[in-house]
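The whole structure should be built from the sequences, with the hints applied where relevant.
2 protein chains.
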Amino acid sequence: MIDKLIQKIRKTGAPIVVGLDPMLSYIPQSLQQEAFAEYGETLEGAAEAIWLFNKAIVDATYELIPAVKPQIAMYEQFGIPGLAAYKKTVDYCHEKDLVVIGDIKRGDIGSTSAAYATGHLGKVQVGSKSYSPFDEDFATVNPYLGSDGVKPFIDVCKSEGKGIFVLVKTSNPSSGELQDLKAGEQTIYEKVGALVDEWGSDCIGSCGYSAVGAVVGATYPEMGKILRSVMPRACILVPGYGAQGGKGADLVHFFDKDGLGAIVNSSRGIIAAWKKEEYARFGEGSFADASRQAVVDMIEDIGSALKQ
Amino acid sequence: MIDKLIQKIRKTGAPIVVGLDPMLSYIPQSLQQEAFAEYGETLEGAAEAIWLFNKAIVDATYELIPAVKPQIAMYEQFGIPGLAAYKKTVDYCHEKDLVVIGDIKRGDIGSTSAAYATGHLGKVQVGSKSYSPFDEDFATVNPYLGSDGVKPFIDVCKSEGKGIFVLVKTSNPSSGELQDLKAGEQTIYEKVGALVDEWGSDCIGSCGYSAVGAVVGATYPEMGKILRSVMPRACILVPGYGAQGGKGADLVHFFDKDGLGAIVNSSRGIIAAWKKEEYARFGEGSFADASRQAVVDMIEDIGSALKQ
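Sequences listed follow chains A and B, in order.
Just so we're aligned, residue 1 is where the first sequence starts under the working numbering, counting upward by one.
Just so we're aligned, residue 1 is where the second sequence starts under the working numbering, counting upward by one.
Hints in this document: simulated from the structure, not taken from any laboratory.
Glycine included, each C-beta is placed from N, C-alpha and C at the ideal position.
Wrong hints could be hidden among the right ones.
Simulated restraints, written as ranges between beta carbons of each label pair [to be verified]: (1) H94/A with E300/B: 31 to 39 Å; (2) E277/A with E222/B: 52 to 60 Å; (3) Q33/B with H94/A: 30 to 38 Å; (4) K151/B with A249/A: 30 to 38 Å; (5) K11/A with K129/B: 42 to 50 Å; (6) E222/B with G303/A: 52 to 60 Å; (7) K55/B with E198/A: 53 to 61 Å; (8) D202/A with E34/B: 40 to 48 Å; (9) S130/B with P173/A: 25 to 33 Å; (10) E284/A with T12/B: 39 to 47 Å; (11) D59/B with K151/A: 36 to 44 Å; (12) K151/A with S128/B: 43 to 51 Å; (13) S130/B with E277/A: 49 to 57 Å.
Some chain A residues near chain B, calculated using beta-carbon distances under 7 Å [said to hold, decoys possible]: (14) F36; (15) A37; (16) Q71; (17) M74; (18) I80; (19) T118; (20) G146; (21) P173; (22) K225; (23) I226; (24) S229.
So this is what it looks like as C-alpha cells:
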C-alpha cells in the first residue's frame, strides 16, 4: 500500500491528503436540513449530513489528490450511526481509488492491538467466513504501550499489504510535555522515531519507503528535520498545515531531496474552505468547489516551497 | 461517578472489575451456533454471540461486583455490528446498576479528543436535540499527546459527572520501552503520574478520590507502590491480574491503608473461566456459573491479601 501511495503522489504531483474531519458546523445549513428532513434531528440525521458533505467534497477533489484521512473521532461522536457514515466514506473513497488513511490513533496491549488491527486493516474470522470490517489502507497508531502494542498492526500490514503511521511528534501545543522530554542523549520523540525505523525495517516497499510511517506535526519543522534523518525510510504524515499554523515553507525538511517521503494533511482548511474569507466568493451552495480551490492552492503552496 | 464507584466497592466488598473482552473462542459453541442460526456466519452473527455471552455473564455476576470494563477493541474488530453489541452491553450493564468503564484508550489533539469525550462520556448536539451516544461512566485515555489531549475529557467529566483512567504504566511486557525511560530524576511513568495528580486536582469527589484515575498494571507491583504515592488521590485501575500473571499478593501496594483506591480487572480469567481446568467441572453449558465462581475466588484472593 505504501507503493500505491507513493505512486499516486507522483501521478498527482500532490503530496497532500484531505482530512475528512467533519463537524456539523462545517456543513452548510441546506445540507443539514436535507438530512434532518429525512432522518430528523437524530444521530442518523447527523450521520447522513456528514455523508452528503463528504461525498460532495470527495467528488470535487478526488482527481487531484492521492489520499484522504478521515478522523474517526468526528464520526464516533455520533455513535453507531456516525461510525456507519465513517465506513460508508471509506468505501466510497475506495470506489474513487483514493488511498484511505484511517486516523484512528488506536494502540493497546498485544491481543487487543491485534483486534484493532484486524478490525481496521485485516480480516476477522466468523465461523468459516472472513470479513474486512473497516478496511482502511493505513491506520494511525499510538506508541505509548511499546513494541507489543504496535507489532500486531505490523503483522497485519505484512499479511494484508497495508500500512501504519505511528505517532512520533504530534502537532498540538502540549505535545512536548512527554514527547520532548530528554531521556539520556535523546528526546522521547527521537526514541520513538528510532523505534519506527526499526519496526519498519523489514517491510520496505519497492518505492524505498516502509509500510511503517510516522506522524510528525507541521508545527514543529525543526523536529521534522531531525526525524527525517532518524527515520530515513519512513513516509511522514504531516498534520497541522493550515488551520493549525503550519505553512508550505515549514514543510521542506519533512521531505527527501526528490520531493517524496512526506504527505501533508489539511482538514479544516479544505473541507471548511467555504467559511473562510478567502473562498467566500464560492458561497455556501458551492462549498465543494471552494474545497477544490483550496486543494489547488495547497498543492501550489507546497509545490513552490519544494521547488526552492 | 468516582463516588458511586467507591460506594459500590464498599457495598460489595469487592475492589474488582470484570473485563468484558469477548473473543469468539471464549464463547461456547452452542451459543455461537444459536447466534449463527439466526444471523448466519456474519458480523451480525458474531455480534449476537458476543451479546448473548455478555448478558449471561452479567446476569450471573452483577450482584457481586461494582463495575465492568468492556474492551471496545474486541467489539470494534467486528465492525459496526460489533460496536452495536458494545453499546447494547453498556446499556444492559447500566440497567443492572453496574459502573461501566469503557476501555477505549482514546486520545488525540484538542478538538478531536473533545469529540471522543463527547461521544463516550458526554452529549452531542444535533440541531436542537442532544444525545449520549455511548454513555459509559468512565473511559480509559492515552496521555502521549499531553495535556491538551486529556483536558477535553476532564471538561466532560466535570460537566457530566463522569471519570477517566489515564494510562500511566501498562501491564504488557514491552510497556517499559517508553514508560520506564528516565527523563532527569524521574521515569516517564512517574512524570505521567504527576500529571494525573495535577489534572485531577480540581475534580475530587466526596469519597476523597479524583474523577481522574490511572491505569497501572498488576504485573509491575514495585512501580505500583511508587505511583500510589505520586498520585495519592487517584483511583488506580489495575489490569494484568490472573491471565497476565498478577497475583493478589502483588496488589497490596496499589491500595491505600483502608483497602480502597484501587480496582483490579480480570478479563479472561473470569469470562473464559469455563475453559480452565480449575472450573472445568461447570461444563460448557454452565459457563456463566464458572464465571461467577471465578469472581467469588478473585474477591477472596484479593480480600485475603489485603487483610495481611
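Status of each hint after checking the structure:
1. Checked against the given bound of 31 to 39 Å, the beta carbons of H94/A and E300/B, roughly 53 Å apart, lie outside it.
2. The hinted window of 52 to 60 Å between E277/A and E222/B holds, with their beta carbons roughly 58 Å apart.
3. At about 34 Å, the CB distance of Q33/B to H94/A agrees with the hint of 30 to 38 Å.
4. In this structure the hint that K151/B and A249/A lie 30 to 38 Å apart at CB holds, the actual value being about 31 Å.
5. Between K11/A and K129/B the CB atoms are about 45 Å apart, so this pair conforms to the stated range of 42 to 50 Å.
6. Take E222/B and G303/A: their Cβ atoms lie about 55 Å apart, and the range 52 to 60 Å holds.
7. Range check, K55/B to E198/A: about 44 Å between beta-carbon atoms, so the 53 to 61 Å window is missed.
8. Taking the beta carbon of each, D202/A and E34/B are about 43 Å apart, inside 40 to 48 Å as hinted.
9. For the pair S130/B and P173/A, the beta carbons lie near 29 Å from each other, so the given range of 25 to 33 Å is met.
10. One distance hint, 39 to 47 Å for the beta-carbon pair E284/A and T12/B, is violated here, with the actual separation near 56 Å.
11. D59/B and K151/A have their C-beta atoms about 37 Å apart, which keeps the hinted 36 to 44 Å range intact.
12. Separation of K151/A from S128/B is about 47 Å and conforms to the stated range, judged on CB atoms against 43 to 51 Å.
13. Between S130/B and E277/A the CB atoms are about 31 Å apart, so this pair departs from the stated range of 49 to 57 Å.
14. About 6 Å separates the beta-carbon of F36/A from the nearest beta-carbon of chain B, less than 7 Å, and the hint is met.
15. Against a cut-off of 7 Å between C-beta atoms, the interface hint on A37/A is violated, since the closest Cβ of chain B lies about 11 Å away.
16. Taking 7 Å as the C-beta contact cut-off toward chain B, the hint placing Q71/A at the interface holds, the least distance being around 6 Å.
17. For the restraint placing M74/A at the interface with chain B, the shortest Cβ-Cβ distance is roughly 5 Å, inside the 7 Å limit, so the hint holds.
18. Nearest Cβ of chain B to the Cβ of I80/A: about 5 Å, under the 7 Å cut. The hint holds.
19. Hint status for T118/A: holds, given a least beta-carbon distance of 5 Å to chain B, under 7 Å.
20. Interface hint at G146/A: satisfied, since its Cβ lies 4 Å from the closest Cβ of chain B, which is below the 7 Å cut-off.
21. With a least beta-carbon distance of about 6 Å to chain B, the hint placing P173/A at the interface is held under the 7 Å criterion.
22. Interface restraint check for K225/A: the shortest CB-CB distance to chain B comes to about 21 Å, outside 7 Å, so the restraint is violated.
23. For I226/A, the suggested interface contact is broken, since its CB lies about 17 Å from the closest CB of chain B, more than 7 Å.
24. Interface hint at S229/A: violated, since its Cβ lies 21 Å from the closest Cβ of chain B, which is beyond the 7 Å cut-off.
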